[in-house]
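Residue numbers (numbering that gives the first Met the number 0), protein chains in the order written: chain D, 0 to 164; chain P, 0 to 164; chain R, 0 to 164; chain U, 0 to 164.
Some hints could be false.
[To be verified] A few chain D positions that, by computed beta-carbon distances, are all more than 12 Å from chain R:
#	residue
1	Thr7
2	Ala63
3	Gln70
[What the hints assert, rightly or not] The calculated DSS-like cross-link candidates involving lysine-lysine, where the alpha carbons are at most 27 Å apart (straight line), are:
#	chain 1	residue 1	chain 2	residue 2
4	D	Lys51	D	Lys123
5	U	Lys117	R	Lys159
6	P	Lys66	D	Lys115
7	R	Lys123	U	Lys30
8	D	Lys160	D	Lys50
9	D	Lys160	U	Lys51
10	R	Lys160	D	Lys51
11	D	Lys2	U	Lys51
12	U	Lys159	U	Lys30
13	D	Lys51	U	Lys160
14	U	Lys159	D	Lys2
15	P	Lys115	U	Lys51
16	D	Lys30	D	Lys131
17	P	Lys131	P	Lys66
18	R	Lys160	D	Lys2
19	R	Lys30	U	Lys117
20	P	Lys2	P	Lys30
21	U	Lys159	R	Lys115
22	P	Lys2	R	Lys117
23	D	Lys132	D	Lys30
24	D	Lys123	P	Lys115
25	P	Lys30	P	Lys131
26	R	Lys30	R	Lys132
27	R	Lys159	D	Lys75
28	R	Lys117	U	Lys117
It is worth saying that the hints were derived from the structure and are not from the lab.
Ideal Cβ positions, reconstructed from N, Cα and C, are used throughout, including at glycine.
There are 4 protein chains.
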Amino acid sequence: MEKLHQLTINTLKERGVTIESIAEIVYDLQKDYTDNLTIEYCQETILSVLKKREVIYAILVGIALDKGAEQGLFTKEINEVILDDNSLFGIDEILALSIINVYGSIALTNFGYVDKIKPFIIGKLNRLGEQKKQCTTFLDDLVAAIAAASASKMAHDRLKKEDNV
Amino acid sequence: MEKLHQLTINTLKERGVTIESIAEIVYDLQKDYTDNLTIEYCQETILSVLKKREVIYAILVGIALDKGAEQGLFTKEINEVILDDNSLFGIDEILALSIINVYGSIALTNFGYVDKIKPFIIGKLNRLGEQKKQCTTFLDDLVAAIAAASASKMAHDRLKKEDNV
Amino acid sequence: MEKLHQLTINTLKERGVTIESIAEIVYDLQKDYTDNLTIEYCQETILSVLKKREVIYAILVGIALDKGAEQGLFTKEINEVILDDNSLFGIDEILALSIINVYGSIALTNFGYVDKIKPFIIGKLNRLGEQKKQCTTFLDDLVAAIAAASASKMAHDRLKKEDNV
Amino acid sequence: MEKLHQLTINTLKERGVTIESIAEIVYDLQKDYTDNLTIEYCQETILSVLKKREVIYAILVGIALDKGAEQGLFTKEINEVILDDNSLFGIDEILALSIINVYGSIALTNFGYVDKIKPFIIGKLNRLGEQKKQCTTFLDDLVAAIAAASASKMAHDRLKKEDNV
Chain D
0 MEKLHQLTIN TLKERGVTIE SIAEIVYDLQ KDYTDNLTIE YCQETILSVL KKREVIYAIL
60 VGIALDKGAE QGLFTKEINE VILDDNSLFG IDEILALSII NVYGSIALTN FGYVDKIKPF
120 IIGKLNRLGE QKKQCTTFLD DLVAAIAAAS ASKMAHDRLK KEDNV
Chain P
0 MEKLHQLTIN TLKERGVTIE SIAEIVYDLQ KDYTDNLTIE YCQETILSVL KKREVIYAIL
60 VGIALDKGAE QGLFTKEINE VILDDNSLFG IDEILALSII NVYGSIALTN FGYVDKIKPF
120 IIGKLNRLGE QKKQCTTFLD DLVAAIAAAS ASKMAHDRLK KEDNV
Chain R
0 MEKLHQLTIN TLKERGVTIE SIAEIVYDLQ KDYTDNLTIE YCQETILSVL KKREVIYAIL
60 VGIALDKGAE QGLFTKEINE VILDDNSLFG IDEILALSII NVYGSIALTN FGYVDKIKPF
120 IIGKLNRLGE QKKQCTTFLD DLVAAIAAAS ASKMAHDRLK KEDNV
Chain U
0 MEKLHQLTIN TLKERGVTIE SIAEIVYDLQ KDYTDNLTIE YCQETILSVL KKREVIYAIL
60 VGIALDKGAE QGLFTKEINE VILDDNSLFG IDEILALSII NVYGSIALTN FGYVDKIKPF
120 IIGKLNRLGE QKKQCTTFLD DLVAAIAAAS ASKMAHDRLK KEDNV
């Protein structure tokens, strides 16, 4: 899985998404709940989320669908449906959910929030998609899910620490 | 089911949640997407959501748990866990999810957003819960789910109409 | 959506799955619960399930991934992961779930059962996959989901009829 | 959580479900996949599943609802709906799902299978429910979920070991 972990990081970067850009979202989600939160801690948490099998597969498959549609690899109708990013398509959110499910209900709330307000890199991806410069149908939901899962992991870790005190 | 539909509306009211108070949230969620949106249309949509079997059962069971914990009907530990409303409890979000699942991925996004920013009646319920004046552990998530489901239903109905044009 | 409905039926056929072959599974799942069950009624129900937006998209995307992996359209690692059909991959079940979620908890039970015992066409697809004659990683789960959803639809329709009596 | 873990084991026992009776199901699910499988290993795995926060809460809340309905603690309509165990109720499966989600897609398949064939203790609970001797509306689904989650945990642990070889 270590090889696939690296491939996931590289594939995200190739599509315009760095760990730093996801960390901005996570920092914003958690800054009111964690004292002395650093951007480095956000990045570390994101990297640990990106080691999970379910997360890796969802990202790699989702980006393969975005790229495949851009390159016209699928049947005409499938290419169109993916490129179109209609809000009733739903398969993009389903892949995002497979990331979120692993991280419990806090992840779900954070995902919905981030998917709605589209902060930082997610807003940028969304605009690239609307301008038809890049197919980001799956990518924007996946990034929202990674950020939400990472913020949720930080909340869980913090609550567990408090439990033990 | 008609009898249970009425019971659901009455039980919500008894716990401090009117259709009007949910309509404020739905209006706010949809006002940027629907021309000439009226509060009456929001109320109608909420009422139609409250006719669904899955929605009715989730609300009635969730409120029975809130009330049961208030009245100390369960084992001591269960009463405490429900009254505590710890963010790692998760069963409250699970019941909310059973409402949302029926309304697709737009409902999920709206739920997360509403659950995060806690607008109108949801903020009020949350404060009542924190002040230990009323157990709202399940109720606030259920109301967020009803609002999110209703906004999603309006979005679906609108998109279907556009599809046909 | 009518065009996509036809495309879905044709794409399933092209991959070796006819409506008749799915009807055998549905008949078997429902024969103990429905009096005078006919194979024609099973086929009709399957066709109505295949008209649902969520169902159509899940099938078309899943089969596009199976075919893409066969043809080596994706990055080497993605092709391998899809062709391998490891039980920890999970994205195939996630797509199947997006079909099942729409049809409630009876669909879930039926899906698990069918996915476990692999009756009729599902067993055949599974063997084709194991013999590396066809990539059926997504297809076998999708067919199980269509069958489970159809059996669930028949159960719901029957229970609703009984409710009204 | 250690106290709640013990409470969960005791509450299951009080309702007629021992770790041994769940182990019979798990053994049956896994005997074809694991060499030299012992009933002791099944019991150990079940106990480790019963330590998970999500699992504990789902079991305690579900059994509180079964017992509450038996004792007539809730509104008349709620008591009736829970005692009735109609297949369209769905909240019982929702609580079961919150256990299963944590253990991935193998757990889902196992759950559906077990919920359908109702082996060992699950069949017994189901008959007690049908004979109105005990309300087992939530309990039978919860036991199916514990068994499915445990079998899935064993499969994951085995596959991880193979990965490392």
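Hints and how they fare:
1. Thr7: Non-interface label on Thr7/D violated, nearest chain R Cβ at 10 Å vs cutoff 12 Å.
2. Ala63: 5 Å, violated
3. Gln70: Contrary to the label, Gln70/D does not stay out of reach of chain R, its closest Cβ about 8 Å off (not over 12 Å).
4. Lys51/D x Lys123/D: Given pair Lys51/D, Lys123/D holds - Cα atoms ~26 Å apart, limit 27 Å.
5. Lys117/U x Lys159/R: Holds: Lys117/U and Lys159/R sit about 25 Å apart, inside 27 Å.
6. Lys66/P x Lys115/D: Measuring from Cα to Cα gives roughly 33 Å; hence the hint is violated.
7. Lys123/R x Lys30/U: Holds, at roughly 24 Å.
8. Lys160/D x Lys50/D: Holds, at about 22 Å.
9. Lys160/D x Lys51/U: 16 Å, holds
10. Lys160/R x Lys51/D: 46 Å, violated
11. Lys2/D x Lys51/U: 30 Å, violated
12. Lys159/U x Lys30/U: With a Cα-Cα distance of about 18 Å, the restraint between Lys159/U and Lys30/U holds, given a limit of 27 Å.
13. Lys51/D x Lys160/U: 16 Å, holds
14. Lys159/U x Lys2/D: Satisfied, since the Cα-Cα distance of roughly 16 Å is no more than 27 Å.
15. Lys115/P x Lys51/U: Judged against 27 Å, a Cα distance of about 26 Å means the pair holds.
16. Lys30/D x Lys131/D: With a Cα-Cα distance of about 34 Å, the restraint between Lys30/D and Lys131/D is violated, given a limit of 27 Å.
17. Lys131/P x Lys66/P: With Cα atoms ~13 Å apart, Lys131/P and Lys66/P stay inside 27 Å; holds.
18. Lys160/R x Lys2/D: 55 Å, violated
19. Lys30/R x Lys117/U: 18 Å, holds
20. Lys2/P x Lys30/P: 32 Å, violated
21. Lys159/U x Lys115/R: 21 Å, holds
22. Lys2/P x Lys117/R: Cα-Cα ~42 Å, so violated.
23. Lys132/D x Lys30/D: Not satisfied, since the Cα-Cα distance of roughly 33 Å exceeds 27 Å.
24. Lys123/D x Lys115/P: 22 Å, holds
25. Lys30/P x Lys131/P: 34 Å, violated
26. Lys30/R x Lys132/R: 33 Å, violated
27. Lys159/R x Lys75/D: 40 Å, violated
28. Lys117/R x Lys117/U: Status holds; Cα separation ~18 Å.
This entry does not satisfy hints 1, 2, 3, 6, 10, 11, 16, 18, 20, 22, 23, 25, 26 and 27, going by the numbered hints stated previously.
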